[in-house]
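Undergrad: Heads up, the sequence shown is in my numbering, so the first residue is 1 and it goes up one at a time.
Since the hints were made in silico from the structure, they are not lab data.
Glycine included, each C-beta is placed from N, C-alpha and C at the ideal position.
It is possible that part of the hints are untrue.
[To be verified] What follows is a set of in silico ranges between Cβ atoms, one per label pair, in the way DEER data are often shown: (1) Lys405 x Asp111: 30 to 40 Å; (2) Ala76 x Glu374: 47 to 57 Å; (3) Ile359 x Gln399: 39 to 49 Å; (4) Lys405 x Gly316: 47 to 57 Å; (5) Asp213 x Asn73: 51 to 61 Å; (6) Ala76 x Arg54: 49 to 59 Å; (7) Pro373 x Ser302: 32 to 42 Å; (8) His423 x Ala76: 36 to 46 Å.
[What the hints assert, rightly or not] Cross-link-like lysine-lysine pairs, in silico, BS3-like; alpha carbons within 27 Å at most: (9) Lys415 x Lys403; (10) Lys351 x Lys436; (11) Lys313 x Lys200; (12) Lys355 x Lys377; (13) Lys436 x Lys405; (14) Lys141 x Lys110; (15) Lys405 x Lys313; (16) Lys351 x Lys141; (17) Lys452 x Lys377; (18) Lys405 x Lys393; (19) Lys393 x Lys377; (20) Lys415 x Lys452; (21) Lys178 x Lys219; (22) Lys81 x Lys415; (23) Lys147 x Lys351; (24) Lys112 x Lys351; (25) Lys393 x Lys452; (26) Lys278 x Lys140; (27) Lys140 x Lys112; (28) Lys278 x Lys147; (29) Lys80 x Lys415; (30) Lys445 x Lys377; (31) Lys351 x Lys278; (32) Lys377 x Lys313; (33) Lys140 x Lys122; (34) Lys436 x Lys112; (35) Lys141 x Lys122; (36) Lys436 x Lys452; (37) Lys122 x Lys110; (38) Lys405 x Lys452; (39) Lys377 x Lys415; (40) Lys403 x Lys377.
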Amino acid sequence: MTLIKDQILSDHHFKGCRLPPVRALAHQLGLSKNTIQTAYDELRAQGLVESRDRSGFFVTRGEKPRLFDNPINVPALEFKKISYDEFIRFKDHDAINLSSVFIDPRILPKDKLTACFRSVLKSPGIPEFHDHQGMPALRKKIAARLKNRGIEVDMDHIILTSGSQQALDLVTRALASKVVGTEDPSYHLGKYLLEMNGMKTFGLPIDPFIGIDANIWQKRLAEHRPGLVYLTTSFQNPNGYSYSSLEISSIVNWAKEFNFGILEDDWGAEMLSYSEFKPGLRAMGGSNVLYMNSFTKKVLPSLRLGYIAANEKTIGPLMMAKRVSTIAVPGIIEAALFEFLDRGYYDAHLKYVQKELDIRYQYCLSLLREQMPEEVKWTTPGGGPVLWLELPKRVNLDQLLVKLKAQGVLIQLSKNAFFSEPHSHGFKIGYAFLSKAEMEIAVEKVAQEIRKLMS
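With the hints as extra help, turn the sequences into a complete structure.
TA: Structure below.
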């Protein structure tokens, strides 16, 4: 069929041309008559051929659409100016990506997820229409999981989204106040999204080694009086920092003092295998704290599915924001993920991932201790997907970026994640994305180039 279709589209078969009979073409190509008949039926469905009684199949495709000789040139659209990250310019699929926060695709559960999709597609109970809020059974399952982590939420207050990015988008669309505070440095795509949605943003500085400065945070919160503070409590991107219980308690108290709402992004909470239970902002601050999470990075990057946990006061505006943007998450994806959770695959996968990340984390630390010059330091988050590498100020990061790119190693400086001049001088290392061999090559090259730039 592809051959015939290509010939029709390239004008080898003109309009009205009679195609070979089914029996003759089957004999010529050594195929069954059913195969040829099916191919002709598909071409007919695409409007390329027609069937005439007792005459056979004929090409129906007419002339190609003619372009206008003198089109009217309407004014070009003007878009908001958003600064792109330097990493985007250096996209190279053959290079070793040392700064990815994703998990190595080689340890993701593609086979089990495929089995769940097949099961769903074979099921006679696939709903013809979507649920705007998300599949009820999946929302119930998520609510139960959150309760086990000390977060009380009703399934009717959970909204399924196309990943965490859409969850953040819905909140900013529905938000009455346009003043938003977030970490400095911040998750760069989240920062871009806030800017594009017209938010007036300000930074709350965070140091990957010592955390937050309470005096500076209180001063900035009092000065800007935000309507919302958006924070990533576990493995903050880009610096990999996780908030302490004392810091979380302080933030909740400041929310009450300065009258701001909180959006907690908890994407990394399930990646640490041996951490003690630590209540997050939603657990400590109550149901007025909006909570979002995602299955995307932990299950499969192309599986864009996350959620927001709201409450009775906030569910309505967020639902309206979802309906006017994307209406609903594809029901088949929701059903497949429910199957994945219901079969116990997700919990088993998390245990495997946690163990694997622990191994890679320890190996990364050993490489850094062996390879890096004395003046270089790094964070020790205890596991998870990412750590921060801090370099001496005399090392030119832009030169390092270019030199490593030439050797097939990509790093992300995250300059655009900061609100002003970066107060950290380094980049993130995403050991979760790399095999031991890749990590060894990349860290060795980074150490060599740092030494050259320090001399």
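Undergrad: Need the status of pair lysine 351, lysine 436: alpha-carbon distance at most 27 Å?
TA: OK: lysine 351 and lysine 436 at ~20 Å, within 27 Å.
Undergrad: Given the proposed pairing of lysine 405 with lysine 313, does the C-alpha separation stay at or below 27 Å?
TA: Given that 27 Å is the threshold and the Cα spacing comes to 49 Å, the pair is violated.
Undergrad: Taking 36 to 46 Å as the stated bounds, is the beta-carbon spacing between histidine 423 and alanine 76 within them?
TA: Given a distance of about 39 Å, which is inside 36 to 46 Å, the answer is holds.
Undergrad: Quickly compare the C-alpha distance for lysine 393 and lysine 377 to 27 Å and report which way the hint goes.
TA: Distance ~12 Å between lysine 393 and lysine 377 Cα, so the pair holds.
Undergrad: Hinted pair, alpha-carbon criterion (27 Å max): lysine 178, lysine 219. Please report holds or violated.
TA: Roughly 19 Å separates the two Cα atoms, so the pair holds.
Undergrad: Do the alpha carbons of lysine 351 and lysine 278 lie within 27 Å of each other, as the hint requires?
TA: 18 Å, holds
Undergrad: Straight-line Cα separation of lysine 393 and lysine 452 no greater than 27 Å?
TA: 14 Å, holds
Undergrad: Are the Cα atoms of lysine 355 and lysine 377 separated by 27 Å or less?
TA: Since the Cα atoms of lysine 355 and lysine 377 sit roughly 25 Å apart, the hinted pair holds (cutoff 27 Å).
Undergrad: If I claimed the Cβ atoms of proline 373 and serine 302 lie 32 to 42 Å apart, would that claim hold in this structure?
TA: 39 Å, holds
Undergrad: Holds or violated: lysine 122 and lysine 110, Cα atoms, limit 27 Å.
TA: Holds, at roughly 18 Å.
Undergrad: Need the status of pair lysine 405, lysine 393: alpha-carbon distance at most 27 Å?
TA: Given pair lysine 405, lysine 393 holds - Cα atoms ~21 Å apart, limit 27 Å.
Undergrad: Note whether the CB distance of lysine 405 and glycine 316 lies within 47 to 57 Å or breaks it.
TA: With Cβ atoms ~48 Å apart, the hint holds.
Going through the hint list in order, the structure does not satisfy hints 3, 15, 32.
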